[in-house]
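K.L.:
Residue numbers (the numbering used here), protein chains in the order written: chain A, -16 to 144; chain B, 108 to 400.
Each hint should be verified, as a subset may be incorrect.
Simulated DEER-style distance windows between Cβ atoms [as the list claims (entries may be wrong)]:
1) B:167 <-> A:64: 39 to 45 Å
2) A:86 <-> B:367: 40 to 46 Å
3) B:336 <-> A:14: 51 to 57 Å
4) B:266 <-> A:105: 52 to 58 Å
With the C-beta cut set under 10 Å, the calculated list includes, among others, these residues of chain A facing chain B [said to hold, decoys possible]:
5) -13
6) 28
7) 47
Short, incomplete list of chain A residues facing chain B, as computed with Cβ under 7 Å [unchecked claim]:
8) -15
9) 4
10) 40
11) 41
12) 42
13) 43
14) 46
15) 50
16) 113
17) 116
18) 117
Derived from the structure by calculation, the hints contain no laboratory data.
Even for Gly, the Cβ is constructed at its ideal location relative to N, Cα and C.
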Amino acid sequence: MNRHTVSFTVNDQPHEVEVEPRRLLADVLRENLGLTGTHLGCEHGVCGACTVLVDGQPQRSCLLFAVQLDGAEIETVEGLAADEQGFHPLQTAFWEKHGLQCGFCTPGFLMSSKELLERNPDPSDDEIREGLAGNLCRCTGYVHIVDAVRSAAEAIREEQR
Amino acid sequence: MKPPPFEYHAPATTDEAARLLRELEDEEAKCLAGGQSLVPLMNLRLARPGHLVDLNRVDGLNGISATKDGWRIGALTRHAQIEDSAELAAGLKLLPQVASQIGYRAIRTRGTIGGALCHADPVAEWPMIARLLDVDVEVVGPDGSREIAASDFFFTVFTPAIEPDEILTSIQIRLPKGSWTTGFSEFARKSGDYAVVAAGVFLEVDRKHGVSAARVALSGVELTPHRSEAAESALIGTDPGDGAAHERAAAAAADAVEPSGDLHGSSDFRRQLVRAELKRALSDAASNLGVRR
Ligand SMILES: Cc1cc2nc3c(=O)[nH]c(=O)nc-3n(C[C@H](O)[C@H](O)[C@H](O)COP(=O)(O)OP(=O)(O)OC[C@H]3O[C@@H](n4cnc5c(N)ncnc54)[C@H](O)[C@@H]3O)c2cc1C
Ligand code: FES
Ligand code: FES
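With the hints as constraints, model all of the structure from the sequences given.
P.N.:
Rendered as structure tokens:
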């Protein structure tokens, strides 16, 4: 039978799933595991809505087969606020700065931004725009998203001081 | 859309991978590297391989190492690894510079240099750089390994000159002994988009006689990466920092190409871009001179 058993963690929780090879990571997250925070826009790598972190790296969950990910550590938007203490500073900043309207693109922006700020804790506006060029938003016009990421960067630096 | 069904194989060695590719050739087996070109094609149902041979768990395909006369880059080395490599930033900064222009970070953390060469997209960066640096491409098949010169590797659009049961394992970059410099520039509609036209230059420079050897490569003008002999010969003997010489070489390159137009740029526009981007690449090369990069 053309099915494989794969184990990985999602937001530190271990999971074992049985999948057909063609099953995309995004569909496993959404349909097998009920983690519908990860959105699918284009399903060919362009829009960034499905971006998650795999072993700490931002990746398109629409371009990965779950069968490839045995042993991987996956982080999704649900993991950002996983503790009881409330929102991740990025989520707070997106809320306060109006970094979203319909919210469809937001999970991808949050995950891309998280990794961007880990690599570059104090980015210029140009660096934020460049770093988020792979995420499309049809609503906001991006200005408030850039504001939100800049503000989150400050909050995170403050927190770590 | 969702990809069509296929069977999945995850070999641990290149030999095993090559054997699988040969055994399953009639059922359209394909290698899976970063999947950043193949999986979109499968999701759009433009590719329907019967089997995928995943190279991501094959030992020894990933990594950057210095050799006695240059660099060896494993086929599974991700664009982001090249972008982040401190060794390359010091030794051949052209490669991190180019890597940072490929798609977005989430594409670069997964996509591989070997996959980009095998995909052989006429507007992609790595095929053009492979032609610029005259790299040798190492492939392994069920009957052993061979090296293919970059000038023989790109057969036509999306078609590398390798057999269906061969695996690209590494590229070898050989650098000349004397003093040299590199330059690069590309035009894309937005940051991370495929370039409409990209230009790369590699100049060997003699303190007394100026440019002693020149290589100029362009993407986005033909079905395979283009080497501009017109620009190369125009540069010989010039001062590498001479803007008028850059202008002449760039005009010669633009005159010599007949790009076909498409959605992303008309033929004329592409020819203009050749001139503009080559000039920028040449001034980039001039500014990199002296610092051995
Ligand atoms: C949104 C987006 C933007 C992008 N932007 C750019 C860009 O600006 N510039 C650019 O150059 N690219 C761009 N890419 C493509 C990206 O660089 C790919 O990573 C690359 O083209 C293919 O590499 P891969 O490792 O992902 O290969 P895969 O998709 O896994 O494979 C591609 C093809 O090569 C074959 N193959 C792969 N590796 C080997 C091997 N070692 N031996 C034999 N055959 C092999 C496969 O069978 C397949 O046919 C973009 C992709 C996306 C999704
Ligand atoms: S759904 Fe994955 S990038 Fe658009
Ligand atoms: S908020 Fe609607 S797509 Fe970005």
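K.L.:
Against this structure, judge whether each hint is valid.
P.N.:
Hint by hint, here is what the structure shows:
no., hint, in the structure
1, B:167 <-> A:64: 39 to 45 Å, "41 Å, holds"
2, A:86 <-> B:367: 40 to 46 Å, "42 Å, holds"
3, B:336 <-> A:14: 51 to 57 Å, "55 Å, holds"
4, B:266 <-> A:105: 52 to 58 Å, "45 Å, violated"
5, -13, "7 Å, holds"
6, 28, "5 Å, holds"
7, 47, "7 Å, holds"
8, -15, "6 Å, holds"
9, 4, "4 Å, holds"
10, 40, "4 Å, holds"
11, 41, "4 Å, holds"
12, 42, "5 Å, holds"
13, 43, "6 Å, holds"
14, 46, "4 Å, holds"
15, 50, "5 Å, holds"
16, 113, "5 Å, holds"
17, 116, "4 Å, holds"
18, 117, "3 Å, holds"
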